[in-house]
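*Asks:* Starting from the given sequences, assemble the full structure and let the hints guide the process.
As you go down the protein sequences, you meet chains X, F and Z in turn. In terms of our numbering, the first sequence has 122 at position 122, counting the first letter as 1, and numbering is strictly consecutive. In terms of our numbering, the second sequence has 151 at position 151, counting the first letter as 1, and numbering is strictly consecutive. In terms of our numbering, the third sequence has 134 at position 134, counting the first letter as 1, and numbering is strictly consecutive.
Do not rely on the hints blindly, as some may be mistaken.
Said to hold, decoys possible - Computed list of lysine to aspartate or glutamate pairs in EDC-like fashion (alpha-carbon distance at most 20 Å, straight line):
| hint | chain 1 | residue 1 | chain 2 | residue 2 |
| --- | --- | --- | --- | --- |
| 1 | Z | Lys81 | F | Asp386 |
| 2 | Z | Lys50 | F | Glu495 |
| 3 | F | Lys496 | Z | Asp53 |
| 4 | F | Lys496 | Z | Asp52 |
| 5 | F | Lys363 | F | Glu310 |
| 6 | Z | Lys49 | F | Asp275 |
| 7 | Z | Lys14 | F | Glu545 |
| 8 | Z | Lys14 | F | Asp208 |
| 9 | F | Lys184 | Z | Asp119 |
| 10 | Z | Lys14 | F | Glu554 |
| 11 | F | Lys546 | Z | Asp17 |
Said to hold, decoys possible - Derived contacts from chain F toward chain Z, CB cut-off under 10 Å, selection only:
| hint | residue |
| --- | --- |
| 12 | Asp125 |
| 13 | Gly139 |
| 14 | Ser278 |
Treat the hints as calculated values from the structure; they're not laboratory data. If you're wondering where the values come from, they're calculated on a predicted model, not measured in any experiment. Each residue gets a CB set at the ideal place from its N, CA and C atoms; glycine is no exception.
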Amino acid sequence: MPSLLEAFQSQVGRKILTGITGFLLVFFIIFHLAGNLAIFGEPDAMNSYSHFLHQLGPLLWLARIGLLLIFVIHAWIGISIWLKKRKARPVDYKVYSTKGGPSKQSLSSRSMAFTGVVLLVFVVFHINTFALGDMADTQLANGTVVHDIKTLVIDTFQNPFYAFGYTFVMILLGAHLGHGIWSAFTSLTLRSKKASAVIYSIGVIAAILLAVGFLFIPLYIYFGGGCEAALIQCN
Amino acid sequence: MNLDPKIPSGPLESKWSSYLRDVKLVSPNNKRKYKVIVVGTGLAGASAAASLAELGYNVLTFCIQDSARRAHSIAAQGGINAAKNYQNDGDSVWRLFYDTIKGGDYRSREANVYRLAENSNHIIDQAVAQGVPFGREYGGLLDNRSFGGAQVSRTFYSRGQTGQQLLLGAYQAMMKEVHSGKIKDYPRQEMLDLVVIDGKARGIITRDLVSGDIKRWEADAVVLCTGGYGNVFYLSTNAKNSNATAAWRCHKRGAVFANPCFVQIHPTCIPVSGDYQSKLTLMSESLRNDGRVWVPRNKGDKRPPNEIPEDERYYYLEERYPSFGNLVPRDVASRSAKLVTDDGLGVGETGLAVYLDFRDAIKRDSREVIEAKYGNLFDMYQNITDENPYEVPMRIFPAVHYTMGGLWVDYNLMSNIPGLFVTGEANYSDHGANRLGASALMQGLSDGYFIIPYTIGDYFAGEKLEKVSTDHEAFSEAADSVSKLIDKLLSVNGEKTIIEFHRELGKIMWDKVGISRSKEGLESAIEEIRKLRDEFWQNVRVPGEKNYFNKYLEFAFRVADYFELAELMAIDALDRNESCGCHLRDEYQTDEGEAIRNDKDYAFVSAWEYLGVNGKLETKLHKEPLNFEFVELKQRSYK
Amino acid sequence: MSEMTINLKIWRQKNTDDPGRFEDYKLGGVNEHMSFLEMLDVLNEDLIKKGDDPVEFDYDCREGICGSCNMVINGKAHGPKHKTAACQLHMRTYSDGDTIVIEPPRAAAFPVIRDLVVDRTAFDRIIEAGGYISVKTGAAPEANLIPVEQEVSNQAFDYATCIGCGACVAACPNSSASLFTGAKIAHLNRLPQGKPERARRTIAMVDQMEKEGFGDCSNYAECEAVCPVGISIASIAEMRREYMKAIF
Chain X
1 MPSLLEAFQS QVGRKILTGI TGFLLVFFII FHLAGNLAIF GEPDAMNSYS HFLHQLGPLL
61 WLARIGLLLI FVIHAWIGIS IWLKKRKARP VDYKVYSTKG GPSKQSLSSR SMAFTGVVLL
121 VFVVFHINTF ALGDMADTQL ANGTVVHDIK TLVIDTFQNP FYAFGYTFVM ILLGAHLGHG
181 IWSAFTSLTL RSKKASAVIY SIGVIAAILL AVGFLFIPLY IYFGGGCEAA LIQCN
Chain F
1 MNLDPKIPSG PLESKWSSYL RDVKLVSPNN KRKYKVIVVG TGLAGASAAA SLAELGYNVL
61 TFCIQDSARR AHSIAAQGGI NAAKNYQNDG DSVWRLFYDT IKGGDYRSRE ANVYRLAENS
121 NHIIDQAVAQ GVPFGREYGG LLDNRSFGGA QVSRTFYSRG QTGQQLLLGA YQAMMKEVHS
181 GKIKDYPRQE MLDLVVIDGK ARGIITRDLV SGDIKRWEAD AVVLCTGGYG NVFYLSTNAK
241 NSNATAAWRC HKRGAVFANP CFVQIHPTCI PVSGDYQSKL TLMSESLRND GRVWVPRNKG
301 DKRPPNEIPE DERYYYLEER YPSFGNLVPR DVASRSAKLV TDDGLGVGET GLAVYLDFRD
361 AIKRDSREVI EAKYGNLFDM YQNITDENPY EVPMRIFPAV HYTMGGLWVD YNLMSNIPGL
421 FVTGEANYSD HGANRLGASA LMQGLSDGYF IIPYTIGDYF AGEKLEKVST DHEAFSEAAD
481 SVSKLIDKLL SVNGEKTIIE FHRELGKIMW DKVGISRSKE GLESAIEEIR KLRDEFWQNV
541 RVPGEKNYFN KYLEFAFRVA DYFELAELMA IDALDRNESC GCHLRDEYQT DEGEAIRNDK
601 DYAFVSAWEY LGVNGKLETK LHKEPLNFEF VELKQRSYK
Chain Z
1 MSEMTINLKI WRQKNTDDPG RFEDYKLGGV NEHMSFLEML DVLNEDLIKK GDDPVEFDYD
61 CREGICGSCN MVINGKAHGP KHKTAACQLH MRTYSDGDTI VIEPPRAAAF PVIRDLVVDR
121 TAFDRIIEAG GYISVKTGAA PEANLIPVEQ EVSNQAFDYA TCIGCGACVA ACPNSSASLF
181 TGAKIAHLNR LPQGKPERAR RTIAMVDQME KEGFGDCSNY AECEAVCPVG ISIASIAEMR
241 REYMKAIF
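*Replies:* Here it is as structure tokens:
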């Protein structure tokens, strides 16, 4: 019997880990999106949410470290699978195409490594921009002084480079999730041939909703002019 | 030559149990000192290899395919018989025995067939324990279907892939022993000669099909499980690589060949579509449970089948054999198909086909029910012919399927060469002149799981076997003769390809040594075979070289052997002046075309001894008389 | 009956060490009722008569059940038709003048022996690691002693029907053998007879699959699309669940 550590280094163990970490990252993304959408709420909503998170102190750090770990494991396994596939097929086909039918080969599934790596780079960039970016202090309606993340977001997305760059990456996120959600479900739950098509549809719809949710914000801010936009109330 | 069948004395029911009571045993410590070569890894070979290894013998397995799992047992569709009587329809070991010996037209040994019927139940137990997914009823217990030649439902099945599932069970049991280290498995190795030392089988010569190396292997016994020789006919339902070479080489080393003319022509195969045709595909006999066989009543009726009204359809099996109807045994069904097509009633472009119609079954049971039973067979038919059998009747025609003949063996399944055991289709033992459906799987597994493990021990315990080395001159002689033959084949460099020769040979055999045979036909067949064989050695072109993977060289070797075996088949058919089972001599039939058996003169096994080939095959007939103590010989009737 | 001319581009490789190359052939007189392999037989007859080496490819039963044939035809394992082995593919699928590219299955775990023939003994070694139920001959109880739900038995059959051709590996972008391995685990582990060994079996087979150098599964499901008997990737999911159960 292998130890747990050995087991999770096996092909099957790795895939199970990819599925579990993938699911956790999807949950994180859903929460992240919910937080983002606070920009359309009360004028203070986004900043108080951000303040609430900062107040958690050690808990927040725990979450951050946990998230980083999950992310690194997910990325590490993904890259190792990609590297191994070259070894498993040293001579490539001259002609290769999918047979269709139940196959889930698509631009989305074949580009998982690429979209994954782009997302990896993006996350570093993203943290640098928003988590470590320069933020002014502002006062909430109840008088608490907090970092003004909302203004930073609105200012950032006035810049076309950021607005369109983010939009592009979010499309890639959608592509990654299009195969990823199905794949995680399949890795962990699939029980019959029939369920396969249903799960795939659910995965694609969820991926589209998440991607659209994320890319809506930069585009809306850019084209709507930030605080001038109808849905966003600034102080 | 004394062909003693070594049948235990006593009542039929207790022959096998008294054999087991008295059988000599090898102690566990000593078993590991013996080495057994098993050639072929189909049902007979894989089951024997696994069972012998479990006992502690050191086993070497050889097969020509790239994996032991691919042996042609895998293609058996319909099922496997057993006398479980789960249907409460009156089945018993006796009835299975009786049906089998009657189905074989009383040309097999009572004792062997009775033992087969006794073992049948253990086979089902064994297979279920191995995880073979047989068809089951809603209650979770095993289901049965009916097969030709029986009036009880005793056939166990895994959809239309029973052979595959049973073979995978045996293959997995074998791989379990590869894992334990008791079996060494050698795929892509073809046995090309038997090595006999001091009159005993002590090893084999193989060609490594990848490197071309000629290799020597020694052992204390050789178990030959290499299947039948239906491919002599070129077109058959056998796999393309199924062949007779290993058996024929043993024959040339002294093993007598029994009943070579007994070839089963299966009634329900997909008809030939053109010259390029490389093999024929069987449609399981189980289809005759629900399909009705017919031809148009009027000659030259070229209307599409669905436009031919009921009263103009000739359901010839139902009319001629009212009590068995479409479920008559295979030989009767095949012969009837030939009779109606000879009368010009055949259908399809070539006129060499009859209809197998599911219209009424679909009307009675619904399409869903029929689909559940035969879905994969219908798909296969549609894929090959491009016609939908749910809507248009299938076109079927007989094709060479199974060879009841094979190397002669005694009750121990040992040939007349001590230490050479022969099991499964490769031996002649249990099916007489005709095999019933769903009995081949039964025999292969009975031989391998439940007979060889005992009888080989009896042989070892009773013999003193000196160690032999592969440097022994008998090994050198055999290896040299194989190399020389390969060189000879490659050096002819003539104009005609191996397939062209094989196809011509097949045509002679089908026309003159096929469904029906006559004295004149057989005599001219023998002449034609000899002439073609001479031409083969003058004019065959074998491509490539011997030192690498060369499939056409493998075929050339096999076809060279077919040329000799074919002559023996014709000689045997000519010698047997009677009609029995699949062997129909035009001279010996009633006005209605029913076979006339001659028990007074031909109730024997013809066992041929090889003397040489010198323009013609020199051969000598030995007879093992068949004594029927327990069943009464009757004219077979399925009316 | 129409006759076609087909342009063939076939991978030729003398042995495992030879780098190999494509050769072009033009074959006339192709009949629509010919099977794909019969078409290659006809090509080989021509080559032999010209004194060339025939194209080597594996085949045996030509009924789609032995699993010997496994070639990649125009980039698809076993050709364009679903649930169809190459030997059951017929030339009526093609039209006059078509070009067909034929390659061996390509995977490090399936080294090429010659032309389109590869060594698939890695599959045997995966079964050898644990793809069986350890019941000795003679030790089996009465067959009807343990009822098996019809549904369970049917599912077991659906996985047991694997013909071991290796198309799943050939078609997988990662060259994974997960469908083959998963199918055997899903077959045996769900039967009451197979349950006592399920943990050991699953771990041993997964371990062997890894050792043979097959790639990881990325749930492309291309294996299911090319499988000549239509085995579902639900077997792969089941293999993972069985693996989880085995290690905890």
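*Asks:* Now tell me if each hint is right for this structure.
*Replies:* How the hints compare with the structure:
{"no.": "1", "hint": "Z:Lys81 with F:Asp386", "in the structure": "holds (14 Å)"}
{"no.": "2", "hint": "Z:Lys50 with F:Glu495", "in the structure": "holds (10 Å)"}
{"no.": "3", "hint": "F:Lys496 with Z:Asp53", "in the structure": "holds (15 Å)"}
{"no.": "4", "hint": "F:Lys496 with Z:Asp52", "in the structure": "holds (14 Å)"}
{"no.": "5", "hint": "F:Lys363 with F:Glu310", "in the structure": "holds (15 Å)"}
{"no.": "6", "hint": "Z:Lys49 with F:Asp275", "in the structure": "holds (18 Å)"}
{"no.": "7", "hint": "Z:Lys14 with F:Glu545", "in the structure": "holds (12 Å)"}
{"no.": "8", "hint": "Z:Lys14 with F:Asp208", "in the structure": "holds (16 Å)"}
{"no.": "9", "hint": "F:Lys184 with Z:Asp119", "in the structure": "holds (17 Å)"}
{"no.": "10", "hint": "Z:Lys14 with F:Glu554", "in the structure": "holds (17 Å)"}
{"no.": "11", "hint": "F:Lys546 with Z:Asp17", "in the structure": "holds (18 Å)"}
{"no.": "12", "hint": "Asp125", "in the structure": "holds (4 Å)"}
{"no.": "13", "hint": "Gly139", "in the structure": "holds (6 Å)"}
{"no.": "14", "hint": "Ser278", "in the structure": "holds (5 Å)"}
Going through the hint list in order, the structure satisfies each hint without exception.
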